[in-house]
Amino acid sequence: MTPKSRLDALKKIITDRKFLPGRFKLIPTLLASFVLVLITGSIVLYSWMSREGLMDIDESKLDVIVNYEHSDNSLVFDKDGKQIGEFFNDYHVYYPYSKIPPAMVHAVLSIEDRNFFQHGGIDYKAIARAGLAVLSSGHMRQGASTITQQVVRNFLLTPERKLSRKLKEAILSIQLERKLSKEKILEIYLNALFLGQGSYGVGAAAQRHFGKTLEELNPSEIALIAGLFQSPTRFNPHKNPKAAKKRQLLVLRAMKDNGYLSAAEVKKWSDGALVYQAPASMNQSIAPFFLDAIQEQTDKLLDGKFKGKGLRITTTLDLGLQQELNTILQKSNSIYNSAAQNLVNVKKPRESMIEAASLVMNHRSGEILAMIGGRNFQRSQFNRAMKAKRAPGSCFKPLVYSQALMGGMNWSDMTYITPVVIQNYRPQNYSYEFMSEATYFNAFYRSINTPVVELGSKIGIKKIIETAYKMGVKTELKNQAGTLLGGSEMTMMDLAQIYGTIGNEGVRPEPFMIQKIIDREGQILFERKAPAPVRVLPKQVAYMMTNAMQAVFRYGTASKYPEFYNYAGGKTGTTNEAKDNWFCGISHDITSLVWVGTDENYAFSGQIAGNTMALPIWAKMMDRIKDKYPQAPFEVPEGVVKKRIHTLFGFEDP
57 MTPKSRLDAL
67 KKIITDRKFL
77 PGRFKLIPTL
87 LASFVLVLIT
97 GSIVLYSWMS
107 REGLMDIDES
117 KLDVIVNYEH
127 SDNSLVFDKD
137 GKQIGEFFND
147 YHVYYPYSKI
157 PPAMVHAVLS
167 IEDRNFFQHG
177 GIDYKAIARA
187 GLAVLSSGHM
197 RQGASTITQQ
207 VVRNFLLTPE
217 RKLSRKLKEA
227 ILSIQLERKL
237 SKEKILEIYL
247 NALFLGQGSY
257 GVGAAAQRHF
267 GKTLEELNPS
277 EIALIAGLFQ
287 SPTRFNPHKN
297 PKAAKKRQLL
307 VLRAMKDNGY
317 LSAAEVKKWS
327 DGALVYQAPA
337 SMNQSIAPFF
347 LDAIQEQTDK
357 LLDGKFKGKG
367 LRITTTLDLG
377 LQQELNTILQ
387 KSNSIYNSAA
397 QNLVNVKKPR
407 ESMIEAASLV
417 MNHRSGEILA
427 MIGGRNFQRS
437 QFNRAMKAKR
447 APGSCFKPLV
457 YSQALMGGMN
467 WSDMTYITPV
477 VIQNYRPQNY
487 SYEFMSEATY
497 FNAFYRSINT
507 PVVELGSKIG
517 IKKIIETAYK
527 MGVKTELKNQ
537 AGTLLGGSEM
547 TMMDLAQIYG
557 TIGNEGVRPE
567 PFMIQKIIDR
577 EGQILFERKA
587 PAPVRVLPKQ
597 VAYMMTNAMQ
607 AVFRYGTASK
617 YPEFYNYAGG
627 KTGTTNEAKD
637 NWFCGISHDI
647 TSLVWVGTDE
657 NYAFSGQIAG
667 NTMALPIWAK
677 MMDRIKDKYP
687 QAPFEVPEGV
697 VKKRIHTLFG
707 FEDP
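Just so you know, we're using this note's numbering here: the sequence shown kicks off at 57 and counts up by one.
The hints are simulated quantities; they were obtained by calculation from the structure and are not laboratory data. No residue lacks a Cβ here, since even glycine has one placed at the ideal position from N, Cα and C. Watch out, some of these pointers could steer you wrong.
[To be verified] Heads up, simulated DSSO-like pairs for lysine-lysine below, C-alpha to C-alpha not over 30 Å straight-line:
#, residue 1, residue 2
1, LYS530, LYS514
2, LYS676, LYS616
3, LYS698, LYS514
4, LYS135, LYS365
5, LYS526, LYS698
6, LYS684, LYS699
7, LYS387, LYS155
8, LYS155, LYS235
9, LYS323, LYS302
10, LYS534, LYS519
11, LYS514, LYS585
12, LYS616, LYS526
13, LYS526, LYS445
14, LYS138, LYS682
15, LYS238, LYS312
[What the hints assert, rightly or not] Derived CB-CB ranges, DEER-like:
#, residue 1, residue 2, range
16, GLN579, SER237, 25 to 31 Å
17, VAL696, SER661, 41 to 47 Å
18, GLN386, GLU271, 33 to 39 Å
19, PHE173, LYS365, 28 to 34 Å
Start from the sequences, fold in the hints, and give me the full structure.
Listed below in structure tokens is the structure:
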């Protein structure tokens, strides 16, 4: 028989059921069915794996982890190099593996992955234990994810509970173990994961939960932090102390089971209630509003490209002056209490409803020396010194008078104090009845309203607004008569530009807060260069306006503080119903402003006004400013002739 004939006979036996014994007659059918199911299952599995992206997992995704660059907090310094705070998107205190205390490593490994140094990314023993636990208890009692898997999940995957995600996690974990050492994977894990209270990593958690460095922690504290990796929210000691304590005990027992602690040590560190630091603000700076503004400006200057890169930022802040002003504002409770008692239509007035803000600028250089955006940063982070738009009231008048002086007006010129109507706007004089006439000088320091509107109608409101913009005002002002008396809202920084221009002899100041930014390697990323000066007012006009503002301290609405007359000028501002109360002042080098009011724009009654609310705070501030920055008298420029003039009647006083 030829080989071919033997093969044909064998095929016949296999395919012809009558040649098979009875118990083997189903084998071909079962075999064919098995092959069919295997092929179909393979096709379905391949299709599913392709759809879930499991057939072409790109190892380059792991570059995010392999090239992980830790975040550093950016440090912020005042003008003299004293640190005033730090800012961060996430709070990090990075520890290389070699610097992490062994006890922390032991605690984390004991509770999270005791076989970490033995497995290759997947702990099959842990998977088996978890499976047996499910079979014995009917539900999942312990996890089986390795530290490597947790790193992969946190950096690359979503937390969704899907088989495809778990398979991706497993594949990527095996690949990651081939690319990084165990120590490096553990270093990333211990530094990058969120551990509550805004902290990322064990170093930051030590600071945020206990106010200590990692090296200062005892085993009890180490166990609490190690317990946070599973769920920093569920085991947060500040919010769930009972759950945190239970988890801490579990970690301590796990450390004993793995030979890192004795039974006596576990008992010692288990006894007693949890001890931890009360939640603290992420911003502990003496100048929190200033620091927030610096972070915002840094992001803008660097286009957000250097977040978490450990920047070193030198600012214009005078830390000593800032501390002095903080104290003054915090100790002005008598002013805030008086204001609260005079709130209108408020059922339960409280002193805490009253807000205040302040700004100090060197108008010669443009440096912002101090800033207070509100009375309590913890209560409200809104920066009223930079972002609040409020009506300035009479503090706007120096701009109108400066424009009039440029147009040829003299302070000795007479004005009739009579009712004025412009664009259906009829201003009132707060403190004085309509009388016959007075000099513009007299009308200014007594803050009479109608002459301002009369001048503005002659000059043109649009022209005055254009001058405001030239001075550096950024807020859009309304082209209406009420703007002449400060009815158009603007920021405190806008007002600083107006007063700074006058104080700087007519040259617009260019306010800035950041002098230099360098990265952690010392490379300069930004350094401020002074812009070319821009003159807005003639020197003579700026001096004449300054001289009139000095008279406010001698004869006018600030006459309670005549000691400032020789070296400072200023203007009070009070809006309708005293909703906003201001004092804006200048000296030879310094522009300083104070505002008092409410965020809700409540009205006040009684004697509430700029000279009773803002001026007393400003006066205390100015005492501190002149001690730190001695103020020279204002220089009289060429072309200005000084004569004694009767301020009411305008004739020359012998």
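Straight-line Cα separation of LYS514 and LYS585 no greater than 30 Å?
-> violated (40 Å)
Could you tell me whether the CB distance from GLN579 to SER237 stays inside 25 to 31 Å?
-> With Cβ atoms ~30 Å apart, the hint holds.
Under the criterion that the straight-line Cα-Cα distance not exceed 30 Å, is the pair LYS138, LYS682 satisfied?
-> holds (22 Å)
Within 30 Å, alpha carbon to alpha carbon, are LYS135 and LYS365?
-> holds (22 Å)
Falls inside 28 to 34 Å, the C-beta gap from PHE173 to LYS365?
-> holds (32 Å)
CA of LYS323 to CA of LYS302, is that 30 Å or under?
-> Given pair LYS323, LYS302 holds - Cα atoms ~14 Å apart, limit 30 Å.
Given the proposed pairing of LYS698 with LYS514, does the C-alpha separation stay at or below 30 Å?
-> Between LYS698 and LYS514 the Cα gap is close to 26 Å, so the pair holds against 30 Å.
Can you let me know if the beta-carbon spacing of VAL696 and SER661 is within 41 to 47 Å?
-> holds (43 Å)
Keeping to a limit of 30 Å between CA atoms, is the pair of LYS155 and LYS235 held or broken?
-> The hint holds at about 22 Å.
Straight-line Cα separation of LYS526 and LYS445 no greater than 30 Å?
-> holds (19 Å)
Given the hint that LYS676 pairs with LYS616, test it: the Cα-Cα distance must not exceed 30 Å.
-> Distance ~13 Å between LYS676 and LYS616 Cα, so the pair holds.
Between LYS530 and LYS514, is the straight-line Cα distance small enough, at 30 Å or below?
-> holds (25 Å)
Checked against the numbered hints above, the structure violates hints 6, 7, 11, 12; every other hint is satisfied.
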